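Chains A and B, in that order, give the protein sequences.
So the number in the numbering used here is just where the residue sits in the first sequence, counting from 1, plus 39.
Just so we're aligned: 697 in the numbering used here is position 709 of the second sequence, and the numbers increase by one with no gaps anywhere.
Source of the hints: derived by calculation from the structure; they are not laboratory data.
No experiment lies behind these values; they were computed from the predicted model shown.
Be a bit skeptical, because a hint or two may be false.
Said to hold, decoys possible - Some chain A residues judged to face chain B by a derived CB distance under 10 Å, without partners named:
#1 V105
#2 D109
#3 N113
#4 E139
#5 K143
#6 P144
Cβ atoms here follow ideal geometry from the backbone N, Cα and C, with glycine treated the same way.
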Amino acid sequence: MKKILLVEDNEMNRDMLARRLQKRGFDLLLAEDGLIGVKLAQTEKPDLILMDMSLPGMDGWEASRVLKADPATNGIPIIALTAHAMAEDREKALAAGCNEFETKPVDLTSLLAKMGTLLGTTPA
Amino acid sequence: MFDRMPLRWRLTLLITSICAVTLIAAFSGYLAVELIKIRQSVGERMESTQRLLVDNATAVLVRDPEAANFPLSSLSSDQTIVAAAIYGGDDRLLTKYIRPGVNEFIPKPRAITLNFSTDQVIIFRPLRHNGQQIGTLYLKAEFGGLERERLLEPLRGMAILFLLSMLFAVLASRFMQRGISDPISKLAAAARRVAVDGDYNVRVDSKAGGETGVLVDAFNSMLTTIQQRDAELVVAKTNAESARERLAEINSTLEEVNRTLEHKVQDRTAELEKMMLTAKDANQAKSSFLAKMSHELRTPMNAIIGYSEILLEDATDTGNQSAADDLNKILGAARHLLGLINDVLDLSKIEAGRMDLFLETFDVGTIVRESITTVAPLVEKKQNRLVLDCPAQVGMMHADTTKLRQVLLNLLSNASKFTSHGLITLSVARGMVGPGECIIIKVTDTGIGMTAEQMSRLFQTFSQADASTTAKFGGTGLGLAISRQFARLMGGDVTATSESGKGSVFTVWIPVQVAPVRATAVPFEIAPMRTTAPFPSTAPIPTAPKVVAKPATTATNHAGARVLIIDDDQNVHTTLNQLLSKEGYVVAGTATSKEARIKAREFRPDVIILDTLVPEVEGWNLLAQFKADPELSSIPVILLTMVDDVKTAGVALGAADYLIKPLDGAKLLPILDKLCAERKETSILVVEDDPPTRLMVCRLVEREGWLAVPAENGRRALDLLKTFTPSVVLLDLLMPEVDGFSVLREMRGNPAWKDIPVVVLTSLDLTGEVRRLLQQQAERVLQKGRYTREELLKEVRDAVREFAGRGLRGSRPPMEVLHPGPVPPIKVSPSA
């Protein structure tokens, strides 16, 4: 069972996405801000991180940079989630070290496809 | 000395001295002659005396050589004889005579016979007898006394004569010289007065003739000339002085004005600077607001869509079909709402000039195929077939992928929406548009297509071909407008051609190499509110004011209103003509539909009465044509019909009202009156100093069926406002004499005018502060060059409605202030 870390401050979005992914057989770790996300990633070593970009405290871009700078975590793929459907946000996310990019509201099919690619599995 | 004498004296002296010299010469001549005469007579006397003495003495001596007692004493009677002596033959003095009282001596006899000096004669004469000298006679005479005596006598007379002559000469010269010297003296005196006192009033009064007269006359005329010159000089001086004073006055006024102006400019500049800062802040706030809104709106949508999907999955899993159906509806609505939100945000961004381009180089084919994949479900849903015509070598382009994709998706989904069981063709090619190489994408469908009228509103926001289409086909009505703006941002455009019932072709072209331009605000064309469709009872936008007490006389509403009657029945024309003319309408008519449109354009009626059964073209078609003609669409049309089932069709086609034949005047008149009243009360005051702009705006307004009252500046506008109440004032800001700001101030300060809506049209780049200030006083502010005609008309319509909504009643200006005739019609090219 693949372990997924979901970093998302909005409770509804976090709950929603977590439930849908759990239903598809993923093990979910939840974090509500960047700092907790980074800590959880370091201790739990998830297989993939779904990272919201607009977070309180340490934001998603900063958290991604920290994780990608840490040799212990830099191998974990990160998919950036952002409400800004703007090319510049995607560029910014990729520049921060994120491996993929998904626009909110999340299109589950598209997200699962991307997750599958990064995890090296076919989507559930 | 002589030189300094007065001329009078000199002349006198001259004449007198000439006179004296002449007299002296004459007298001297006379005296000389007299003297010679005296001398001759003395000589003669002496000769005779001597001869007598010689004879007597000779005789005595002959007788007595010693005759000493010769009677020489007889000589005493002769005054001239001073001395006499007789010498004997031996020169012995025999006798002598010396006049008593005279000291004389007797000289020795000499051989000299006669010695005649100036005043004395001495004679020695030998006394001979028989050739032998017997003695000598000596005689000495003096004439001095005699001469004096004889000369003195005439001299006295001469002296008196001389004096008298001189006196006469003096008097005569004094009298005679006056003719010469007087005028000259007067001239001199006058000249002195002129020279010393500078008195040019002096004139020399003289009747002298000759050269003097000429001189005097010349002098006088010279003085007159000088005086005239002086007077002229004085006048000129005075003029120059007053001119200088006026100049100084004007100068000071100018300086004052300048100062005031400078102050004003300074104040305005400061104000503007402040406002600019405020506007900058406001702009900043606006863009951050937009960014925030996009996040804030999308987040809850995210949750709604997400949970709906979860529930839908659950419902599907548990086989709860009815819940699944409902959830599908929620999902559909939510996705639509999200689409709307995205579109509105895009629009706001474009409008705010916040839409930026993110340029990258990409393969055109990839984007095209991706879009097809995305739109595939929609295409299939309507059982359409999609054909892609994209050559492999179409290659790469440098543009904004997101925006290009959005444009493609919009065009493809539109084609799918409005086509069923048809063919959609997407062709992509490289080509040249203007000077640059472009990617040209064509989306062709075989769907319902559009009419020319629908086409004209195609790219306007919130406009679909038909109000009903939104309900039928979905969509926000924003897609095409956004697509066109995106294409234009990238330096390209979207165009369309269509034929109703046959399908449409949308063409996008975008430069292969898009230039990275800073986005600026792009004006949108806002679809006009359709005022034509429903009957008045259901009209959503009443142009009539909320009923305020109607004037007692209905005639005032329609006096001079124009009615065009289109009917093939001559009886209808006759009846209506009589009826309406009596009511004060101006009536024109035509029997054929062919003529109807031309007539309507020429006559510019306030109301059209249209028979639905005119030959050639059906009345309905004619009505549709009127409503599709921008010049005529605003004219209310009353339908005349034989049957009572026109209401629905009338609503759809935009008739204002309808009447069933045979005509009932009692029904027609109130309807006409009401329609005319509405039009009459709506007049728009167009205040604009630039003639072409004024004319353009006036025409635009006239085409809406309102009366445009032009005013070339603020002063004229304020004057006009005193004569009538416009429903709306369209106001330019920068104008000569009285500017727009002042007009606004005046209007807002006047209770009669303060409720008249004002739409400001300005080319000024308004800062936030100015805009805010203006918006407090004016209903709307439109920037010239930024608004479209439709936008302007929409604002004016809104303002007209607002005016009515305030319970106000407009009026038209009296005929005499409307000097120009109706605005000439504009040629409108067919909309296609």
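So, going through the hints one by one against the coordinates:
Of the supplied interface hints, the one on V105(A) is violated, with its beta-carbon coming no nearer than about 23 Å to a beta-carbon of chain B, more than 10 Å. Of the supplied interface hints, the one on D109(A) is violated, with its beta-carbon coming no nearer than about 29 Å to a beta-carbon of chain B, more than 10 Å. With its C-beta approaching chain B no nearer than about 27 Å, N113(A) sits outside the 10 Å limit, and its interface hint is violated. Restraint check, E139(A) versus chain B: the minimum CB separation of about 17 Å is more than 10 Å; hint violated.
Proximity of K143(A) to chain B holds as hinted, the smallest CB-CB distance being about 5 Å (cut-off 10 Å). Residue-level restraint check for P144(A) holds (minimum Cβ-Cβ distance to chain B is 4 Å; threshold 10 Å).
Of the numbered hints listed earlier, those contradicted by the structure are 1, 2, 3, 4.
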